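**Student:** Protein chains in written order, with numbering that gives the first Met the number 0: chain A, 0 to 298; chain B, 0 to 348; chain C, 0 to 326.
Please note that a few of the clues may not be correct.
Keeping only pairs whose Cα atoms sit at most 27 Å apart, straight-line, the calculated DSSO-like set for lysine-lysine is [to be verified]:
id, chain 1, residue 1, chain 2, residue 2
1, B, K260, C, K108
2, C, K244, C, K305
3, B, K240, C, K91
4, B, K260, C, K91
5, B, K240, C, K274
6, C, K128, B, K260
7, A, K203, A, K33
8, C, K63, B, K260
9, B, K260, C, K52
10, C, K81, B, K240
11, B, K240, C, K13
12, A, K203, A, K129
13, C, K118, B, K260
14, B, K133, C, K81
15, C, K244, C, K8
16, B, K260, C, K8
17, B, K240, C, K110
18, B, K133, C, K52
19, B, K240, C, K108
20, B, K260, A, K129
21, B, K240, C, K305
22, B, K133, C, K15
23, B, K133, C, K13
Keep in mind the hints are simulated off the structure, nothing from the lab. What you are looking at is a predicted structure, and each value in this text was computed from that prediction instead of being measured.
Given next are the chains, with one letter for each unit.
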Amino acid sequence: MSITELDYNLIIQKEKEVRKERFKRAWFRFKKSKLAITGLVILSTLLIMAIFAEYLAPYPEHAGMYVNFKERFQYISTKYLLGTDHLGRDIFTRVIFGFRLAFMMIGIVISIVMPVGTVLGLIAGYYKGKWPEHIVLRLADMFVSIPPLILALSICAILEPNIVNAMIAITLMWWPWYTRMVYSMTSSIRDEPYVWAARALGVKDRDIMFKEILPNILGPILTKATLDAAWVILIGSAISFLGLGAQPPTPDLGTMVSEYMAYFPTYWWMIIGPALGIAILVMAFNLFGDGLREVFAGD
Amino acid sequence: MKINLNVLKGIFNNAILKRIILSLISLLGLSLIIFTLARIMPGDPARMALGPRAPEEIVQKYREMLYLDKPLYVQYYYWLINLFQGKLGPSLTSFREVSVDIADFLPATLELMLFVAIIQVTGTLILGTISGCKPGSAIDGALRVFAYIGICVPPFVWALILQFVFSYILGWFPATERLSSYIRLPRITGLVTIDALITGNFNAFVDALWHLALPSLALAVGAMAQETRILRSAMVENINKDYITTFLSHGLPIYRYVYFKYALRPSLCSTIPVIGLDIASLIANAFMVEMIFNWPGISKFGITAMLRKDLNGIVGIVLVAGIIYIVTNVIIDIILTILDPRIRRGGQQ
Amino acid sequence: MYENLLTVKDLFVKYKSYWYVYHVLDGVSINVKLGEKVGLIGESGAGKTTLLKSILRVLPPQGKITNGEILYRDVNLLNCSKQQLLEIRRRKIGMIFQDPLAALNPVFKIKEQMLDIIKYAHENSGMNKRDLENIALDLLRDTLIPDPERVLNSYPFELSGGMRQRVVIAMALASARELLLADEPTTNIDVTIQAQILKLIMDLVKKKGLSMLLVSHALGMVRNMTDRIYVIYGGNIVEEAPTSKLFKDPLHPYTRLLIDSAPKILSSTLGEGIKGNPVDYRHPPSGCRFHPRCPFGDQEICRRAKPPLIEVDRDRYVSCYLYGGGT
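Make a model of the complete structure from these sequences and hints.
**Tutor:** The structure is reproduced here in structure tokens:
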């Protein structure tokens, strides 16, 4: 083994140790952070409610096509925790299923945007000054030049207004912001010693990006993903609210708000359900994201 | 504070001009994408607009009018030519020229944006500085809770709450529309408040403000919550800085000078970008709130266009919204450059 | 009694953070007589800056004065009226700060900052802007700044470190008619300019007839500039003596170690330093706060109670049981 290879291994070793230390400290700080714990608790509760919606909701069949005109417009009671809507469906049940829809949407969108956005951002940041950076950045800039909601709305409009297309629209709207953040972090890290040590030794670019740079920016990426998730829910519900997302009778929280708004203010309690649902969901993600930020920032 | 020519020259020599041009190019590129997508999608817009019962010849005439039967690049070519003439093509919902439609509806939204901006900025400044000067006090605690709620509740929910409480329950404000029906006002600029002032119709002015109150508040509350939080933490950080101690030790009046002048200005440097982003996003958030208050702004036109697949309308809205977004961002950048000399003269921050 | 310009008696100051209370100043008493130049030496974290800030009552919000008196002439700064306090800040006492870059507001021109200060230093004199500017220019010229006009129109980050400190000195002079408080005035400046700045301060003090309280951990500087010195450790005054006597014959163990640790030109060895760690103000040592690090500090009596300040010789005071004071 040549001397430079020894040095390289030493550097890698040191990095691994540092990383483990960071992890341990991060976990400790996480346990101490009230925000993070609260957010996590609320999120998990909502998630469990969403997953086991059929078993937890009092009237699971109300989530879909169900009509019971006798029970329309019931006020809040022990029988119908949030009242019933204009078709006699239990609002509480629909809100729970609405959570499920929201989590599903977030899950799918994140699982596309995070990998793709991260990879693109890494590539753009790593190959700074060369063509990949220009292409990715110009592409991202195009999507960033208009307010996100309008972009999402137009895409939904062009495609059929339904929930799948809403997800596509949100994905397309979200990825440039994500990529830009990863890009800026990558490009500031790429000049650190361990990166150019690896380059000097001929480690493949791909390995550098994923094994050196990526683990170091994982923290802020996760934080941003969580905080963005809150934003995505807001935009998603706005899209449905405007009628370009999930259509009735799908129990989407935004759609419900717009449906029930028609009976405002006479049957004013109907809106409480979905509106509160959106607010709690967004708050949970925000709390958790803020907590994550505390955890990773105190390094 | 004097703004002399040198400052302006400094601003425009640097990246801002480049930014504007780049953004415009991006916007054009985006509109091309949307344009293409719109044309490619299956479905016959002309048929959809005219309805299933319309006779075929009329539908064909419309197709020709929109060049729908020509290849894509021809369509784009005609669209570009129209663009340079300031026209955006005929709308399929109103059957008028899109730019005329937008010009009809845009002032209402702009007026709303203006008022929201005013409320937002003054509110944030007042609440943020007070909260920052007295951290840990009751006001501060209340504000922080409020800030959190404000971030999490979407603007349309705020709109509903405000409408419910202040209009239906308390009856203090009107629930919808821009003007009461008995007011007659000529349309000069399209901004109702300005028009009222120009024509000297004080009643109309007050009436317009009264109608503007709730929608503006609905949009402002959410944004104010977050901005106040940022301003507050910036103030707290800056008040503990050494230069504030300097001024205190020289006996300058504590509130008027030390806090409101020498601590506020640096704090603003980190708050203004956020305010700017929020104001720029107003054009998008207005979409939601306008529906609730039945505000005759571009969202009404836009949503209808989108639901009815009015292609020119959609592309037109995207372009106009994008331009407003870019312009607002540039204005905010200029303000920031004036406030923070470090950006201008290249010092470190 | 006007002989004492500034009297600090038994000052207790603590900082309160979210989880801990830091008991920094533990009964500090010093005084500055009219026309005197007094030095305060101690290591970083001993409470020197806290003391200065307490005098002008510009402590951060977490800092609280819990006990003691601060008399300027005959006004107790701790319970005087707001107006009196402002009066003293504007026209009697001025302060020079440690880090000139941090002490100047980065987003305002120097002119604006100085004019505001001068305006309040000359309140009620009915001057207009032109007069204030002239005063500012005069002050800048006093501090030997070669191009006062240019400096006035600049922002702090455009000036060099030495220039900035001169500006801070000029600002202090605007409000310091009687007493100058100097907090490590050259610590953050290039070594090559330190001598100039120090000479400048001395000249100005002499010219304007100011009294001075100079705080530093640079022993050489304090030795050259002061008539009398207090030594502070861990929030307590441990020794007080005229300058020459202090350096010739330090009494307190801490002072001795301090002076020995400083490298001297004529000797070829470095001092040994002081063992142990600085005081943890959250849980300060019982009794004499120096006893964990003191070569003689293992006595029961050192642990039990803080040694009182005893007059050992004319004008010399020590707080150490080695010189008496134990019962």
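**Student:** Does the alpha-carbon distance linking K240(B) and K108(C) stay inside the 27 Å limit?
**Tutor:** 17 Å, holds
**Student:** Are the Cα atoms of K128(C) and K260(B) separated by 27 Å or less?
**Tutor:** OK: K128(C) and K260(B) at ~18 Å, within 27 Å.
**Student:** Is the straight-line distance between the alpha-carbon of K133(B) and that of K13(C) 27 Å or less?
**Tutor:** 20 Å, holds
**Student:** Within a Cα-Cα threshold of 27 Å, do K240(B) and K274(C) meet the stated pairing?
**Tutor:** Between K240(B) and K274(C) the Cα gap is close to 33 Å, so the pair fails against 27 Å, i.e. violated.
**Student:** Given the hint that K244(C) pairs with K305(C), test it: the Cα-Cα distance must not exceed 27 Å.
**Tutor:** Satisfied, since the Cα-Cα distance of roughly 24 Å is no more than 27 Å.
**Student:** Just to be careful, I want the Cα atoms of K133(B) and K15(C) compared with a cutoff of 27 Å; is the pair within it?
**Tutor:** 16 Å, holds
**Student:** Verify the proposed pairing of K260(B) with K91(C), using a straight-line Cα cut of 27 Å.
**Tutor:** Distance of about 24 Å is within 27 Å: holds.
**Student:** For the pair supplied as a hint, K133(B) and K52(C), is the alpha-carbon distance within the 27 Å limit?
**Tutor:** With a Cα-Cα distance of about 20 Å, the restraint between K133(B) and K52(C) holds, given a limit of 27 Å.
**Student:** Just to be careful, I want the Cα atoms of K240(B) and K110(C) compared with a cutoff of 27 Å; is the pair within it?
**Tutor:** 20 Å, holds
**Student:** Would you mind confirming whether the straight-line C-alpha gap from K244(C) to K8(C) stays at or under 27 Å?
**Tutor:** 24 Å, holds
**Student:** Quickly compare the C-alpha distance for K118(C) and K260(B) to 27 Å and report which way the hint goes.
**Tutor:** The hint holds at about 15 Å.
**Student:** Keeping to a limit of 27 Å between CA atoms, is the pair of K81(C) and K240(B) held or broken?
**Tutor:** Holds - the C-alpha atoms of K240(B) and K81(C) are around 22 Å apart, at most 27 Å.
Comparing the model with each earlier hint shows violations of hints 5, 7, 16, 20, 21; every other hint is respected.
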